[in-house]
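Protein sequences, first through last, are from chains A and B.
Count along the first sequence from 1, add 15, and you get the number used in the working numbering.
Count along the second sequence from 1, add 47, and you get the number used in the working numbering.
Treat the hints with caution; some may be incorrect.
[As the list claims (entries may be wrong)] Below 27 Å or equal to it, Euclidean Cα-Cα: the simulated DSS-like pairs (lysine-lysine) are:
#: 1; chain 1: A; residue 1: 389; chain 2: B; residue 2: 365
#: 2; chain 1: B; residue 1: 88; chain 2: A; residue 2: 395
#: 3; chain 1: B; residue 1: 327; chain 2: A; residue 2: 431
Keep in mind the hints are simulated off the structure, nothing from the lab.
Chain by chain, the residues run as shown.
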Amino acid sequence: MSGEDKTKTVVNDIDRSMYDFRYEESDKDFYRIKQGLTPEIVTQLSDQKQDPQWMREFRLKSLEIYNQLKEPDWGPDISGLHMDQIATYVRPNTKMQGDWKNVPQDIKDTFDKLGIPDAERKSLAGVGAQYDSELVYHNVRDEVAKEGVVYTDFESALKSPEYGEMVHTYFMQLVKPNDHKFAALHGAVWSGGSFVYVPKGVHLSFPLQSYFRLNAKGAGQFEHTLIIVDEGADLHFIEGCSAPKYNVANLHAGCVELYVGKNAHLRYSTIENWSKNMYNLNTKRARVEEGGTIEWVSGSFGSHISYLYPESDLVGEHARAEFTGITFAGNGQNLDTGAKMVHLAPHTSSVLTTKSISKGGGISTYRSAVYIAKNAKGSKASVSCQSLMLDSQSRSDTVPAMEILTDDADVGHEAKIGRISNEAVFYLMSRGISEEEARAMIVSGFANPVSKELPLEYAVEMNNLIRLEMKGTL
Amino acid sequence: MEFDTTVNQLPTLTWNWLKINRAPFKGSADIKDNTKPEVSKLPAGVTFTEESISSPAEIATGMGRTMDTILDQTHAACCVLTAEKGIQVQKPVVLHFALKDGSTSFTRQIIRAEEGADITVIMDYTSPAKAGGFHAVQTKLYAGKNARIHLIKVQLLGKDYIHLDDTGSTCDESALVDVTQIELGAKESYAGVAAALPSFSSKFKSDTAYLCRGKQTLDMNYVVVHTGKKTDCKMHVKGTIKDTARKTYRGSIDFRKGCSGSTGNEQEETLLLNPDVVNKSIPLILCDEEDVAGEHGASIGRLGEDVLFYMNTRGVSKKAAEQMMSRAKIQSVANLIPDEKIIDEIQDYMEEAFKHD
Numbered sequence: 016m017s018g019e020d021k022t023k024t025v026v027n028d029i030d031r032s033m034y035d036f037r038y039e040e041s042d043k044d045f046y047r048i049k050q051g052l053t054p055e056i057v058t059q060l061s062d063q064k065q066d067p068q069w070m071r072e073f074r075l076k077s078l079e080i081y082n083q084l085k086e087p088d089w090g091p092d093i094s095g096l097h098m099d100q101i102a103t104y105v106r107p108n109t110k111m112q113g114d115w116k117n118v119p120q121d122i123k124d125t126f127d128k129l130g131i132p133d134a135e136r137k138s139l140a141g142v143g144a145q146y147d148s149e150l151v152y153h154n155v156r157d158e159v160a161k162e163g164v165v166y167t168d169f170e171s172a173l174k175s176p177e178y179g180e181m182v183h184t185y186f187m188q189l190v191k192p193n194d195h196k197f198a199a200l201h202g203a204v205w206s207g208g209s210f211v212y213v214p215k216g217v218h219l220s221f222p223l224q225s226y227f228r229l230n231a232k233g234a235g236q237f238e239h240t241l242i243i244v245d246e247g248a249d250l251h252f253i254e255g256c257s258a259p260k261y262n263v264a265n266l267h268a269g270c271v272e273l274y275v276g277k278n279a280h281l282r283y284s285t286i287e288n289w290s291k292n293m294y295n296l297n298t299k300r301a302r303v304e305e306g307g308t309i310e311w312v313s314g315s316f317g318s319h320i321s322y323l324y325p326e327s328d329l330v331g332e333h334a335r336a337e338f339t340g341i342t343f344a345g346n347g348q349n350l351d352t353g354a355k356m357v358h359l360a361p362h363t364s365s366v367l368t369t370k371s372i373s374k375g376g377g378i379s380t381y382r383s384a385v386y387i388a389k390n391a392k393g394s395k396a397s398v399s400c401q402s403l404m405l406d407s408q409s410r411s412d413t414v415p416a417m418e419i420l421t422d423d424a425d426v427g428h429e430a431k432i433g434r435i436s437n438e439a440v441f442y443l444m445s446r447g448i449s450e451e452e453a454r455a456m457i458v459s460g461f462a463n464p465v466s467k468e469l470p471l472e473y474a475v476e477m478n479n480l481i482r483l484e485m486k487g488t489l
Numbered sequence: 048m049e050f051d052t053t054v055n056q057l058p059t060l061t062w063n064w065l066k067i068n069r070a071p072f073k074g075s076a077d078i079k080d081n082t083k084p085e086v087s088k089l090p091a092g093v094t095f096t097e098e099s100i101s102s103p104a105e106i107a108t109g110m111g112r113t114m115d116t117i118l119d120q121t122h123a124a125c126c127v128l129t130a131e132k133g134i135q136v137q138k139p140v141v142l143h144f145a146l147k148d149g150s151t152s153f154t155r156q157i158i159r160a161e162e163g164a165d166i167t168v169i170m171d172y173t174s175p176a177k178a179g180g181f182h183a184v185q186t187k188l189y190a191g192k193n194a195r196i197h198l199i200k201v202q203l204l205g206k207d208y209i210h211l212d213d214t215g216s217t218c219d220e221s222a223l224v225d226v227t228q229i230e231l232g233a234k235e236s237y238a239g240v241a242a243a244l245p246s247f248s249s250k251f252k253s254d255t256a257y258l259c260r261g262k263q264t265l266d267m268n269y270v271v272v273h274t275g276k277k278t279d280c281k282m283h284v285k286g287t288i289k290d291t292a293r294k295t296y297r298g299s300i301d302f303r304k305g306c307s308g309s310t311g312n313e314q315e316e317t318l319l320l321n322p323d324v325v326n327k328s329i330p331l332i333l334c335d336e337e338d339v340a341g342e343h344g345a346s347i348g349r350l351g352e353d354v355l356f357y358m359n360t361r362g363v364s365k366k367a368a369e370q371m372m373s374r375a376k377i378q379s380v381a382n383l384i385p386d387e388k389i390i391d392e393i394q395d396y397m398e399e400a401f402k403h404d
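For reference, chain A alone in the conformation it holds in the complex:
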């Protein structure tokens, strides 16, 4: 087939209309801290949140670290992000509610439109909804609470006599403020997020879900998620996030710390759909004990710039990690995503499978690290990444690193970059399938390994996000 004859699949940009809406708000509905990042602002934030003393000190120490650390010299350009133009704390003038009826109407309308209450009724064991910097709604089913499962907003856990000590013990121990500049920023200005504790042996048959909505213009969201799944327990946690689009930069620098106990299992699913003015500099990390399993399922569709690499620290023998991710980078997006697998104990295993699609000038970078420590004898790691380029204005890079410090390990890696194969289209057409349908099948098949891992309603959402329209020849 000559170059002139080549046909090409036209994939539309993600339809963001269901996320880009916003209701008009007046300043009286919100408390907004002044823009910038100074010790005074951080202290003011602590005052607003009535932090315990240790947290006040932690925030100020993190700010010091933030000021000492440099921005990364790798990855997408973040020079358009100016912290002096970001309000790090915006609180809706409402207390957190346990009853949906009591949530203010405009906020309720926003979450209604995103389908959150409906999802709770149908298929969730508990829901948390964060609006800007604070949770406005949190609820967990009675039968789940009776089993001893704790699912609450982070501030309540921090100040609770029952869990305050646990929070103090675990908070930012997995992701330390000196990990990188934006972990330090998180340590200084975190607000909101969820705390989950699943006791020994408890299996939740329905997932828990937190939904994060950043509605304020020129603001940051810095929620902290801490999940502890105790020995032999099982949890599926879903995280969703979105924001309307503004013409100024917004920032998301959340932090997720997951502790997976001995023989426990945690699946952490995320559909990230921030608006295209968002700098998404998020840090996620799991620590997995003996025989435990962490499964990450990740869909990255939104943001202007993303740095997102969930890390699995396999610290116990026979611990296991799986990461399945898809990234769709469209016009104006530079999404740098991937994962880190850190094998620190014998007989640990990891599987990393990613897909990325670039179109309309979007840039997608797959970045990963597989680290096998000297004592991680008998460990296995497998990495597979595939990238689909849909036009020549776009860019797709793969940057996979492997560091192996023992001979007793087995590491396999494969990667492919390319466009939709004309041969595959020809084959399907020779079986009576139309060209448009053939191309649609190929792209759906490409995304399928990820979408089949998502809960049904999220798989549907993902398919809506990647709305494919086949439009004939080039």
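Chain A is already provided as a structure; the job is to place chain B on it using the hints.
For chain B alone, coordinates are given in the frame of chain A:
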């Protein structure tokens, strides 16, 4: 001369904690002699001259500009080997570097194959087994239209040598640059290869084999930049790491805008034989063009249980099986060398390396 610099930088950086973005290079070397290569008898149509020129800056090399600077500062001699238009050289031209113990030398070569020419050049570096010294070499290749250059570099230096081997190439339309590299010796060895494919249907191929043992450090950086249409590259690297040796491999396929119809393939096989080895690998594909196909694969680990079982059933011990597989990796690349004497030298070197196992 003091060095405190870096070489072999990745074209795109990643996390600094991995310490893989570039190789630090520190040390000192006083020029005691600039060992000139012994050149085999030149076939008709091939010329060899020594010139006091800098190598062409427009040809990028794998180790980076640092090497140009070092070689300029040390006034390294430059040899120019040219295969005239249409010349098909059957017998390889051999540049043999017989380095002494304590030798310090800096050399560079330009190899040109004019339109339609076909030449194979072997550069082999040897020294006494226990020798130490410093050897930096840079080779730049230019392959004219429909030309082919097969460059073979064989490093069999003594156990205390520091060796820097830098290569860069560029091709005209339908030309092929083929680099075969065998790294067996030296205490510290840095190898960089960069290939530019700016012209229609130009090609690059590399086959690399190594044995990294004792306290050796081997640091490699291969970069192929596709800018021409329908260009192709194939990079294969294979080898064994044993004892407390450290090996780093960076391999990058860079598809630039406009290189439609291009293909690239990169494969790595690494056999790990001791619990104290360190292996770092980073195979990159950078893609700024839609109509391309790029692939890479890596397999890193010890000898598979099934292979070992098969060997055991045939009465081959684990140690013997490991040696056999290590040799096989080197041998499969050595077989690409059209010179029996050098193949024998490689085999002798491996025999010696495994003798004390």
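Here is how each hint holds up against the structure:
1. Restraint check for residue 389/A and residue 365/B: satisfied, since their Cα atoms lie roughly 21 Å apart, inside the 27 Å limit.
2. Proximity of residue 88/B to residue 395/A is assessed by CA-CA distance (about 52 Å); at most 27 Å being required, the pair is judged violated.
3. Taking the CA atoms of residue 327/B and residue 431/A, the gap is about 20 Å. The hint holds against a cut of 27 Å.
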